[in-house]
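J.: Position in the sequence shown counted from 1, then plus 138, gives you the working numbering.
Think of the hints as simulated: they come from the structure by calculation, not from any bench. If you're wondering where the values come from, they're calculated on a predicted model, not measured in any experiment. The reader is advised that the hints may include incorrect statements.
SDA-like, lysine to any residue: derived pairs with alpha carbons at most 20 Å apart [stated by the list, open to error]:
{"id": "1", "residue 1": "K419", "residue 2": "R548"}
{"id": "2", "residue 1": "K559", "residue 2": "A538"}
{"id": "3", "residue 1": "K278", "residue 2": "L425"}
{"id": "4", "residue 1": "K328", "residue 2": "Q367"}
{"id": "5", "residue 1": "K170", "residue 2": "W180"}
{"id": "6", "residue 1": "K202", "residue 2": "Q493"}
{"id": "7", "residue 1": "K419", "residue 2": "L569"}
{"id": "8", "residue 1": "K511", "residue 2": "L501"}
{"id": "9", "residue 1": "K343", "residue 2": "L569"}
{"id": "10", "residue 1": "K170", "residue 2": "A427"}
{"id": "11", "residue 1": "K559", "residue 2": "V327"}
{"id": "12", "residue 1": "K419", "residue 2": "A193"}
{"id": "13", "residue 1": "K218", "residue 2": "D435"}
{"id": "14", "residue 1": "K202", "residue 2": "S301"}
{"id": "15", "residue 1": "K390", "residue 2": "K559"}
{"id": "16", "residue 1": "K343", "residue 2": "V327"}
{"id": "17", "residue 1": "K278", "residue 2": "E504"}
{"id": "18", "residue 1": "K328", "residue 2": "S581"}
{"id": "19", "residue 1": "K170", "residue 2": "P426"}
{"id": "20", "residue 1": "K170", "residue 2": "N360"}
{"id": "21", "residue 1": "K390", "residue 2": "N370"}
{"id": "22", "residue 1": "K278", "residue 2": "Q493"}
{"id": "23", "residue 1": "K390", "residue 2": "L203"}
The calculated label-pair distances, taken between Cβ atoms and stated as ranges, are [unchecked claim]:
{"id": "24", "residue 1": "V205", "residue 2": "V176", "range": "31 to 41 Å"}
{"id": "25", "residue 1": "R167", "residue 2": "A363", "range": "54 to 64 Å"}
{"id": "26", "residue 1": "S182", "residue 2": "D499", "range": "12 to 22 Å"}
{"id": "27", "residue 1": "P165", "residue 2": "E431", "range": "12 to 22 Å"}
{"id": "28", "residue 1": "R167", "residue 2": "R541", "range": "36 to 46 Å"}
{"id": "29", "residue 1": "K513", "residue 2": "L463", "range": "49 to 59 Å"}
{"id": "30", "residue 1": "S521", "residue 2": "P418", "range": "23 to 33 Å"}
{"id": "31", "residue 1": "D216", "residue 2": "A466", "range": "46 to 56 Å"}
{"id": "32", "residue 1": "A489", "residue 2": "N525", "range": "49 to 59 Å"}
{"id": "33", "residue 1": "L345", "residue 2": "R548", "range": "30 to 40 Å"}
{"id": "34", "residue 1": "G490", "residue 2": "N525", "range": "27 to 37 Å"}
We treat Cβ as the ideally placed atom computed from N, Cα and C, and that holds for glycine.
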Amino acid sequence: MSARRKHLKANLVALLLVFAAGCSTVPERDAKRLDMPVPARWASDGGFADQASTAWLEAFADSKLTVLVRDGLAANFDLKAAAARVDAAREQAIIAGAPRWPQLYFAPGYLRGKDSSGEAGAFSALFNLGWELDVWGRIKATQQATAREADAVEGDYRAAQLSLAARIAQAYFDLTEAQLQASVAEQSVKDRGVIADLVRGRFNKGLTRGLDLRLVLTDLANAEAQLAQTRNDVQILARRLQNLLGRYPDGKWVASNGGANDFAATSSQLERATALPEPPKALAAGLPAELLERRPDIVAAFTRLRAADSRLESAEKALLPRVTLTAAGGTSSPALTEMVDPRMVAWNLAAGLAQPLFTGDRLQGEIRFNEAKVKEAYNQYQSVALNAFREVEQALAAEAWLRNQERALREAVEQTAASRKLAVYSYRQGLIEILTLLDSYRSTLNAQSAHLAVQRQLLNNRINLYLALGGAV
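All chains should be modelled from the sequences, with the hints used to inform the complete structure.
T.: Written out as structure tokens, the structure is:
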């Protein structure tokens with residue numbers, strides 16, 4: 139049997155199968171049906187409430203943070219681009235549904251020519267009408283697929299909104315921590331300077347060795363270098379935050395009340411740097427099953443799966459006959475005034491049926507292609523859901539460990555502060571070497587710096603948790 143006859147036979151068999159199926163519909167989908175067991179409670183819930191978190195931004199009770207996030211959501215260029223993609227996807231859905239309606243065209247014209255009888259011209263006004271009757275719902279399925287894809291793009295936009303709000307909040311806390319780190323480093327430089335003056339005075343009196351003075355001055359230089367690094371971190375983080383806010387990265391921002399504020403690490407601002415806030419006490423993690431219907435990226439992935447189902451449905455129905463109506467009419471006359479005479483109008487109307495018989499396996503290829511796209515969308519949905527569960531469990535587990543770390547580092551700050559005072563007294567009495575004194579100052583600086591870092595990590599982890607839970611801004 140020739141290849142062409144095989145293709146023809148396959149087409150006819152497929153046609154009979156689709157006819158037998160009639161106007162098939164997309165399969166029923168359940169967003170909560172996954173290829174993995176989903177527990178009733180989070181494995182790392184830590185005693186959190188079952189009610190899902192909402193409006194997490196207000197939970198921090200920081201008016202400056204709220205203003206920054208609101209401004210960023212209104213001005214960020216990436217988010218504006220995402221909003222434009224939603225508009226484009228909505229219009230694409232309208233375009234996809236247009237063939238369900240009659241297509242009418244008006245084609246006026248003028249033709250002039252010359253033949254053996256002489257030169258003549260004629261005006262024409264022609265109307266053309268074409269309409270494919272969507273008997274089997276093929277065009278409707280395509281329209282549904284495009285509309286669902288637009289819904290998925292809108293889900294992407296909501297996810298981008300939530301992600302942007304979280305990134306602005308984290309950048310704000312990163313900047314606050316950097317300012318506090320610079321303040322701690324500046325105080326450390328002042329303290330090292332006091333020690334350097336003390337040792338220099340003792341050296342001048344012959345009470346200490348030159349090596350001690352060299353060690354102290356080296357330690358002071360290292361502290362000044364660390365201060366320069368922290369101030370550089372401040373300006374980098376300040377400009378990064380401005381970029382998220384859609385503002386020129388000049389290191390300054392204008393508050394809603396019109397007052398100017400400098401992000402730069404000036405001495406006056408470092409003195410005004412406030413402590414990092416405590417994470418909100420109340421945390422509601424909700425239930426794992428609720429996440430599948432609340433997180434925008436999961437909803438978008440599921441919507442794309444349903445869109446792929448509709449694409450497959452449309453490809454299968456392309457094997458069925460297409461019923462079309464066509465009509466044409468108009469008039470043609472050498473005199474423009476005669477164009478309005480109804481007796482000059484001519485028209486025709488036709489109905490047709492087109493049944494695909496042999497298309498070089500194109501239609502079957504499109505069906506197989508869309509079947510593969512359905513499998514891809516299905517597994518992508520599973521992957522997005524699984525990753526979402528991981529993000530929530532990871533953030534929940536990190537909450538407890540970070541709190542334990544914060545408590546330990548807070549204790550370390552208190553102990554190093556006390557030991558530094560004892561070290562200064564002991565050095566003055568000649569009971570310890572200079573290296574022990576310098577170690578006490580380094581330990582104090584390291585403990586304070588580590589404590590600030592873990593406080594910021596606690597805040598960022600809490601924001602990661604809100605983001606993972608899909609809570610509203």
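J.: Each hint: holds or not?
T.: Do the hints match the structure? See the list:
1. K419 with R548: 19 Å, holds
2. K559 with A538: At roughly 33 Å apart (the allowed maximum being 20 Å), A538 and K559 break the hint.
3. K278 with L425: Answer violated: K278 to L425 is near 37 Å, above 20 Å.
4. K328 with Q367: 16 Å, holds
5. K170 with W180: 16 Å, holds
6. K202 with Q493: 66 Å, violated
7. K419 with L569: 47 Å, violated
8. K511 with L501: Holds - the C-alpha atoms of L501 and K511 are around 15 Å apart, at most 20 Å.
9. K343 with L569: 18 Å, holds
10. K170 with A427: 7 Å, holds
11. K559 with V327: 16 Å, holds
12. K419 with A193: Measuring from Cα to Cα gives roughly 14 Å; hence the hint holds.
13. K218 with D435: 18 Å, holds
14. K202 with S301: 19 Å, holds
15. K390 with K559: At roughly 39 Å apart (the allowed maximum being 20 Å), K559 and K390 break the hint.
16. K343 with V327: It is violated: about 24 Å lies between the C-alpha atoms, which goes past 20 Å.
17. K278 with E504: 17 Å, holds
18. K328 with S581: 16 Å, holds
19. K170 with P426: 10 Å, holds
20. K170 with N360: 57 Å, violated
21. K390 with N370: Judged against 20 Å, a Cα distance of about 15 Å means the pair holds.
22. K278 with Q493: 19 Å, holds
23. K390 with L203: Holds, at about 15 Å.
24. V205 with V176: 31 to 41 Å: 39 Å, holds
25. R167 with A363: 54 to 64 Å: 60 Å, holds
26. S182 with D499: 12 to 22 Å: 52 Å, violated
27. P165 with E431: 12 to 22 Å: 19 Å, holds
28. R167 with R541: 36 to 46 Å: 40 Å, holds
29. K513 with L463: 49 to 59 Å: Since K513 and L463 have Cβ atoms about 38 Å apart, the given range 49 to 59 Å is violated.
30. S521 with P418: 23 to 33 Å: 31 Å, holds
31. D216 with A466: 46 to 56 Å: 50 Å, holds
32. A489 with N525: 49 to 59 Å: 53 Å, holds
33. L345 with R548: 30 to 40 Å: Holds, since L345 and R548 (Cβ atoms, about 37 Å apart) stay within the stated range.
34. G490 with N525: 27 to 37 Å: 51 Å, violated
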